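Protein sequence lines correspond, in order, to chains X and G.
Residue numbering for the first sequence follows our numbering, starting at 1 and increasing by one per position.
Residue numbering for the second sequence follows our numbering, starting at 1 and increasing by one per position.
One thing to keep in mind: the hints can contain errors.
To be verified - Residues on chain X that point at chain G, a partial pick, calculated with CB under 7 Å:
| # | residue |
| --- | --- |
| 1 | G154 |
| 2 | V382 |
| 3 | H422 |
By construction, these hints were calculated from the structure, which means they are not laboratory data.
Note that this is a predicted model, so its numbers are computed, not measured.
Beta carbons are placed, not taken as given, at the ideal position from N, Cα and C, and that holds for glycine.
Protein chains: 2
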Amino acid sequence: MGKTEKIAKLKKKLAKVTAELEAARSHTHKVAPLAPPGGFPALPRIDGVRFAAVSAGVRYPGRTDVMLALLDPGTSVAGVFTRSATRSAPVLDCQEKIGGDASGGAAIIVNSGNSNAFTGASGQKAVAAITAEVARVTGVPQARVFSSSTGVIGEPLPFERITAKLDELNAALSPDGIAGAARAIMTTDTFPKGAGAEVMIDGAPVRIAGIAKGSGMIAPDMATMLVYIFTDAKIAKAELQAMLGDLTDRTFNNITVDSDTSTSDTLLLAATGASGVSVDGNAAFRDALHGVMLDLAHQVVRDGEGATKFVEVRVSGAASDADARTHAMAIANSPLVKTAIAGEDPNWGRIVMAIGKSGAAADRDRLTIRFGDILVAENGWVSPDYREELGAGYMKNAELVIAVDLGLGDGTATVWTCDLTHGYIQINADYRS
Amino acid sequence: MGKTEKIAKLKKKLAKVTAELEAARSHTHKVAPLAPPGGFPALPRIDGVRFAAVSAGVRYPGRTDVMLALLDPGTSVAGVFTRSATRSAPVLDCQEKIGGDASGGAAIIVNSGNSNAFTGASGQKAVAAITAEVARVTGVPQARVFSSSTGVIGEPLPFERITAKLDELNAALSPDGIAGAARAIMTTDTFPKGAGAEVMIDGAPVRIAGIAKGSGMIAPDMATMLVYIFTDAKIAKAELQAMLGDLTDRTFNNITVDSDTSTSDTLLLAATGASGVSVDGNAAFRDALHGVMLDLAHQVVRDGEGATKFVEVRVSGAASDADARTHAMAIANSPLVKTAIAGEDPNWGRIVMAIGKSGAAADRDRLTIRFGDILVAENGWVSPDYREELGAGYMKNAELVIAVDLGLGDGTATVWTCDLTHGYIQINADYRS
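So here's chain X without its partners, still in its complex pose (with noise of 0.2 Å):
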C-alpha cells in the first residue's frame, strides 16, 4: 500500500472512530426516542384563552423563553401544587392566589431557565414585580396573575428581562398561540409536551387542551413540574378543584423518572366557560380531562431524561391501593431494575428485591411476576414454563408492561416510568457547570 492510500485508510479510520467517541460522549439534544410520532398534536381552540410567547433571554439564547396566557373574566382556575418543603417563590404567590374571585379575568405568565427557587427575599420581590407588571400591561388584577418559573435553582432570576417584553407579549396575544406555549416553557425537555379532548355533551362541544414540561425531577407529589390545562367548559370553581386534584392523584402523581422532586411543580387548569356548557358532575368531561391529563404524564415520562424504554407498573393483590403504590413506586424507582431495563436484561430478581425493599406488606410465596403476558415467576420462584428467551425478546421492545400481583388483597396501583441510562448522568453529570 502506497503512502497516499495509508493516509487516506487511516483518515478514514480517524473519522469512524471520532463519531463513535462523539457518540459516546453525545449529550443527546436530539428529540426523545419515545417521543410521540407526529410532533406536536393540533390541540383545540379554547375560546376565552390567548397566548404569546417570546425570547426574553433570561438564560438561554436563541429561543423563547417566557409565555403569557391571558383568561377572560369569569374563568375560574384551579391548582396542584409540590409540597416540597423547600418550594419555589412563586408557587407559594400562586398557592395564596388559587380560589379568588374570578370576575376580573386570569392571567398565567411562565419563563425557562431560572425557578426562582431557594432565592429568599429576592425571589418574592421577583414575583411581586413581575406579577404586578403583568396586571399593569393586561388590565387583570395583580391578585389573578398566576406566575411560574422552571430552570436552575438558586440564581436570582433577572424579572426585568422578563418585564420588559411584557408590551410585547400582551401584543402578540392569540388564541393560536398554544404551540408556542408548550414550547417556551422547555428546559430540559427534547419536545413540547401537548393534549387536547373535545367531548360533546347536552349536544354541544366541550373542548379541553393541555400543556406541559418536565423531563428529570420528576417524581412529583401533590402536582407535578409546569402543567396548564384549559377548557371552555362551565363548572363551579370548587368542583373543579376537587376534580383536579383527584385525578392528579391518578396521574402525574403516578409518573416518576428519578424520583426526585422539583421545588416549581405546578398545575394550573382554567375553564373559560366560554361553551356555556355546564359540565358539573358530567362523567364524560371527566373522563375526557382524565385522558387529557395521563397523555401529558405520560408525555413527561416519555422525555425522561435519557429515556429509551416506556414502562408502566401494574401492582394488583395488594393489601391496600396504598401499599400496591408503594410497591409500584419502589419498582418504578429501583435504580437496579431501570437499569436492567436499560440494558435489555429480563432481571426480574431485582424487581422481586425492589417489593422486599419496598416496605409493604409482601409475601415472598404469593408473588406473581408477568413481563406483559409472559409469566415469570410464581408461588416463590421462577415459573417452570418460563424461558430466558421470552423475557429477553420482550425486553427489547420500547414499551413494556412489568405486572406484579401480591396475592394479598384488593389493592391496586398503576405507574409510568423509563429506563435509568448513560443519557441521564450526561444529561445531569453537566446540566449547569
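We have chain X already, so just place chain G on it with the hints.
Chain G alone, transformed into the frame defined by chain X:
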C-alpha cells in the same frame, strides 16, 4: 509536512482517540479509585477461629467462591439481617438459628455467585443440604452452621458443587485464612474488604477482625450486605447481640450506594472468648468494634459500583435524629445530587430540592448548607460570600463533606454515600446478561 510525518501524526491521533473510546466504553473492572491504599490490611489473628476458601465453580470460573469459618466451642454468635420481605433462604435459616446454644462450636459457610434468593422450596433444600454436610464434615451441630449466599437472584443454587468441596475446605482451615475468605465472598466488589483492631483491656490484648462484601444494591435496612466480624473477647451472648444492633444503626444502616436493599444482607459477629478477657460493658471494646464496623461500612461505599467520590452527608439542627436521617438519606439517595457530584458541579440547589422532598420538617429560610468548610447557603439563599469557584474547586476532591443545618432543633445524623456515574450504568445494565 511530508507524507511520512503525516502518517505518523495520524497514527498517533488514532491511537489517542481509540484509547479515549475504549475508556468511554470500558467496564472499569479494575480496582475502584476510592479503594484504601495499600491493599488488604494486615488483620490480627483471632484465636478460636480458622478460615479456608476454595474454588467451587458456583458461577465464576477461575476464582475462589466459597469460604468456611470454623469457630471453637463456646463462641457466641450475634447477627443482624435484612428486613426485606423477600429475604433469601439462607437469611431465614440464620435468623432461626441465631442465639442458640454455643457449647458445640459454630461454622459459617458462604458462597458468592448465587444468592439462593427467591428460589422457593429448592432454596430451603439447598440450605439444608449445605448446612447438614458442613455439620458432618466439621463436627459442629447443624443448628450452629450459618450459611450465606450472594450473587444473582432467582436461580437454583448448584449446592452439590459446594458440598463436593467441603472436605477440601475443612482440610485447608487455617487461623491465617481471613484474607482468602474476604476474596471468596466478592461479587461486583473490586477489592476485598477487611478491618481490624487490637485494644488493651485490664492489661491484656483483645482483638477484632472483620471482612465484608458489597458494592451495589446497597441501602441496608437493619444489617447489610455480607459482613463477618470475629473477636477473641469474652462477652455474654445477649450483650453481644445488643451491642451489634446498636452499632449497626450507627454504621452499616447509614450507608447507601443506590437506595436498593439486598435480599441477602447478613452481618454475623462471633466472639470466641479465647483471649480470656471479659468485655461486658467495656467502652474501649465497644469503641474498637464501632471503628471496625465503620471502616468496613466505608469500604463498601468506597467500592460502590462506579463510584469516584466518597461523600459524607452531615445533617444537624433537625427537629429529631429521625428527621435528620431522613434528610441525610434524601440527599444521599438523590440521583440528581449524585450525578452533580459525579460532574464536580457544586449544584447546591439540588441539595435544597432533596431536603424539600424528604418529607421531614424543614424551613427554607433557616437552612444552612456547607461544602466542607465553605458556607454555601444561609437565610433562604446563597451566602453573600459564596463564589462559584470556591464550590467548583472543592468538588474536585475525591472525598467530600456536605453539611446541612436545619436550624430547627438538636437532631443529627451522618450518612455516607458515593456519586452516580456512567460506571454504575455500565455495571448494572448488563450484570446478568
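Going down the list of hints, with the structure as the test:
1. G154: At about 4 Å, which falls below the 7 Å cut-off, the nearest Cβ of chain G leaves the hint on X/G154 intact, so it holds.
2. V382: With Cβ-Cβ at 6 Å, under 7 Å, it holds.
3. H422: holds (5 Å)
Hint compliance for this structure: every hint is met.
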